[in-house]
Amino acid sequence: MSAPAFLDWTAGGAGIVYQRCEGCTSVWYFQRTFCPHCGRGSPSTLQASGRGTVHAATVVARAPSEELRAHAPYLIALVDADEGFRLMAHGDRMLAIGDRVRARFIVLAGRLIPHFEREA
Amino acid sequence: MSYITGVGLTAYGKLPGRTTLDLMSEAATAALADAGLERTDVGGLLCSYSTTFPHLMLSTAFVEHFGLSPTYAHSVLVGGATGFAMGMLAHHLVDSGVVRNVLVAAGENRLTGQSRDAAVQTLAQVGHPVYEVPMGATIPAYYALVASRYMHEHGITELDLAEMAVLMRTNALKHPGAQFKEAITIADVMGSKPIASPLKLLDCCPVSDGGVAFIVSREPTSDRKVRIIGSGQAHTHQHVSAAPSLTQFGAAASAERALRASGMKLSDMRYLAIYDSFTITLTILLEELGLAPRGRAGTLAREGYFDQSGKLPLNTHGGLLSYGHCGAGGAMAHLVEAQYQMTGRAGARQVKDASVALLHGDGGVLSSHVTLVLEADR
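In order, the protein sequences belong to chains A and B.
Just so we're aligned: the first sequence equals residues 550 to 669 in the numbering used here.
Just so we're aligned: the second sequence equals residues 54 to 431 in the numbering used here.
These are calculated hints, taken from the structure and not from any lab test.
Note that CB positions come from ideal geometry on N, CA and C, so glycine has one too.
Keep in mind that the hints are not guaranteed to be accurate.
Covered stretches of chain B (in silico footprint by chain A; criterion: 3 or more residues with CB under 8 Å from a CB of chain A, positions within the stretch not fixed) [to be verified]:
1. 175-185
2. 190-199
3. 294-302
4. 313-320
Only chain A is shown next, with the shape it has when bound in the complex:
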């Protein structure tokens, strides 16, 4: 049986992946082979819906490199995904705390990254 194929932006796919512990039901974002809350192994890896709410946001004017300066200013947000985990992503410049958002994917400095827009 082959593992289900996930769309995971950290591996070049147009999707967001998270994990869940089948023991304590905790969910989290940074992938590992165990639950950081209860220590149980073999967490489930799941595809996120890409929907969430803006928890924090900043417009970065001073980019860290020449390559990224071409994109500045850009908005970086912490988004609370509907599935219960938090992730860092780009977003529309007008996003504000509390906005309901949905992910699409853009290329930044040669890499696919999540970029959130307000839900219509």
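Chain A is fixed; fit chain B onto it per the hints.
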């Protein structure tokens, strides 16, 4: 029992031509002289790290360079919290009898030893290499994310943050070693160029060259008796994406542990040395520590509460924001200034009563917290 018997601090700012080891040596020499100790008296050595001299064994590199033969030596790395973490460890090392005197030394030519982009990129690596750094995030951006949420929840304005920048600059103008020597106004802060909203250039500490050292001893070596009477830590996360909260941090738990160990109450504190990498950092820490009500630190600063002549003087040397920030040594300048205040040696910056001091540092993105409580024996 432990005493801070000697301190040494270089000017911060542009010190071209000096290496990490030069700056550490200069500060260590001053600290030994201040304590009246010789190299042979150094039983323990604690060092940190340097982004311009990324050595696997900085402490032993310094042992060789400076000419020491300690019975205990290694590096400590918790970002901006490192200086106070070394102070805490030095306290426990002398208190438990491992060594009699510990030299704590840090220094870095962070400003002139590399390009501005290199410094920004190196520091951004405290972010997650897979999930955060690819966003083009920087240290100011991580703190700006925290700022956006914290200010949203507590009704803090950019004008409130600007008060912190002006206060630190006002203090720095009285210290000849400070990196910045020109007065600034609230309007200057508000008009400074955007970095990562809501943070502007003058909300951010600079990158600096500098060296700083102190010595922690089991017994006083002079009639200057500043004791470390309590210490505590708290570590809650590394990455801002994984922080349990953007409105409550480990500072309160860390301070509670330090205060419990000291037998003191928060209301006993007379002088403050608080980490101020950004105006929002200082604001959050003051409020998290209970030194200002939530959302009110800026107002208290505006009213003069934290001035040299105020109720609770704060970072009278100018802090990271205006004395400067050379990495692990950044907050150690706060400790040096506290020791100067507590021994009545702060000159034009001297406060009326610095008999008990609270020192608090954070590393990462409010990730690692260390608190020290100092008392001057009278």
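A quick look at each hint next to the structure:
1. Here the region 175-185 of chain B counts 5 residues with a CB under 8 Å from a CB of chain A, which clears the bar of 3, and the coverage holds.
2. Against chain A, the region 190-199 of chain B contributes 7 residues with a C-beta closer than 8 Å to a partner C-beta. That satisfies the three-residue criterion, and the hint holds.
3. With a threshold of 8 Å between beta carbons, the proposed coverage of the region 294-302 of chain B by chain A holds, since 3 of its residues qualify and at least three are required.
4. Coverage of the region 313-320 of chain B by chain A is violated in this model, with 0 residues showing a Cβ closer than 8 Å to a Cβ of that chain against a need of three.
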